[in-house]
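Going down the list, the protein sequences come from chains A and B.
Numbers 49 to 162, taken from my numbering, label the letters of the first sequence in order.
Numbers 194 to 336, taken from my numbering, label the letters of the second sequence in order.
A portion of the hints provided could be inaccurate.
[Claimed, not checked] One side only, chain B facing chain A, incomplete, derived with CB under 8 Å:
#1 SER207
#2 GLU210
#3 TYR217
[Said to hold, decoys possible] Selected chain B positions facing chain A (in silico; Cβ < 10 Å):
#4 LEU208
#5 TYR231
#6 LEU235
#7 THR270
#8 GLU272
#9 ILE293
#10 ILE327
By construction, these hints were calculated from the structure, which means they are not laboratory data.
Cβ atoms here follow ideal geometry from the backbone N, Cα and C, with glycine treated the same way.
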Amino acid sequence: MPSKLSISKRKEGDITIISPQGSIDTHTAPEFEKVLKELLDSGQVKVVVDMSGVGYISSAGIGVFMSLIGDFRERGGDIKAAAMSEKVYKVFETVGFTSILDIKNTVEEAVKSF
Amino acid sequence: MLRKIRLEFPADPSLLEEIREAVYKHALNLGLNENRAYELTLAVDELISNVIEHSYESGEGTIYVTIDTEPDRLKLTIEDHGKPFPEEVLEGVKKKPPDINQMVKEKKNGGMGLFLMLKMLDKVEYRRKDNKNIWILEKHKAN
Numbered sequence: 049m050p051s052k053l054s055i056s057k058r059k060e061g062d063i064t065i066i067s068p069q070g071s072i073d074t075h076t077a078p079e080f081e082k083v084l085k086e087l088l089d090s091g092q093v094k095v096v097v098d099m100s101g102v103g104y105i106s107s108a109g110i111g112v113f114m115s116l117i118g119d120f121r122e123r124g125g126d127i128k129a130a131a132m133s134e135k136v137y138k139v140f141e142t143v144g145f146t147s148i149l150d151i152k153n154t155v156e157e158a159v160k161s162f
Numbered sequence: 194m195l196r197k198i199r200l201e202f203p204a205d206p207s208l209l210e211e212i213r214e215a216v217y218k219h220a221l222n223l224g225l226n227e228n229r230a231y232e233l234t235l236a237v238d239e240l241i242s243n244v245i246e247h248s249y250e251s252g253e254g255t256i257y258v259t260i261d262t263e264p265d266r267l268k269l270t271i272e273d274h275g276k277p278f279p280e281e282v283l284e285g286v287k288k289k290p291p292d293i294n295q296m297v298k299e300k301k302n303g304g305m306g307l308f309l310m311l312k313m314l315d316k317v318e319y320r321r322k323d324n325k326n327i328w329i330l331e332k333h334k335a336n
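Starting from the given sequences, assemble the full structure and let the hints guide the process.
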């Protein structure tokens, strides 16, 4: 079965919550990147990524966060992540990205932290 | 019991999920616990993604995966007929892990795959032989 990813979006005030469902790997990372770039281009720079539906991430997925987080911060926003599974968190931790990306236990907590 | 499994995949990134499922299932059946099977699967995904993108330059090709089981470890051999892998890149990552802060500053979207692969495995070897890239990956069954 091909790698699959679907991404839904919702707003809470000026914060956009995106919820990817599936795996973020070399095949699907460009879709995830496209959604984040569209938010950036439309000035929606406060973003929470609800990771509860992401069962798997590889370095290609981390690379999307890594290449774009600076752009969001430069425009007065941020990308925060929430509700990661232990396995997904481990990938972020192994590459040292947990010291850069603000990761919260829940989406609510991430929204409040803006 | 010693067993050997051979798998063959086209170099197509849309099949990565299928490749991961196959490797994970065999790793569990051959004696790795869930956590170690997951780590091995992530490492294989990183390597195969690298082969598709750099060795076959996102063109056509075949990737061969052989899984050997030994009493205390699984040994995977991953082969392709693509461009030679620059060995100094692997040696460089082994000596000095990528600087994530610098990569964020430079807005890089890649460059961590090999590092992640190394962290997930107990041993990684590369050689070029008979116009093939040959990777040997080892994952112990216990600490």
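Going down the list of hints, with the structure as the test:
Hint status for SER207 (chain B): holds, given a least beta-carbon distance of 4 Å to chain A, under 8 Å. With a cut of 8 Å, the hint placing GLU210 (chain B) at the interface with chain A holds, because the nearest CB-to-CB distance is about 4 Å. A distance limit of 8 Å between C-beta atoms decides the matter here; for TYR217 (chain B) the minimum to chain A is near 10 Å, and the interface restraint is violated. Below 10 Å, beta-carbon pairs count as interface contacts, and LEU208 (chain B) has one with chain A at about 7 Å; its hint therefore holds.
Among the interface hints, the one on TYR231 (chain B) holds; its C-beta lies about 6 Å from the nearest C-beta in chain A, closer than the 10 Å criterion. Look at LEU235 (chain B): its Cβ gets to within about 7 Å of chain A, closer than 10 Å, so that hint holds up. Annotation: THR270 (chain B) was flagged as interfacial toward chain A, and the flag is violated, the nearest CB pair being 21 Å apart, outside 10 Å. The beta carbon of GLU272 (chain B) is not positioned within 10 Å of any beta carbon in chain A (closest approach about 19 Å), and the interface hint is therefore violated.
Restraint check, ILE293 (chain B) versus chain A: the minimum CB separation of about 4 Å is within 10 Å; hint holds. A least Cβ separation of about 21 Å between ILE327 (chain B) and chain A goes past the 10 Å threshold, and the interface hint is therefore violated.
The earlier numbered hints that this structure contradicts are 3, 7, 8 and 10.
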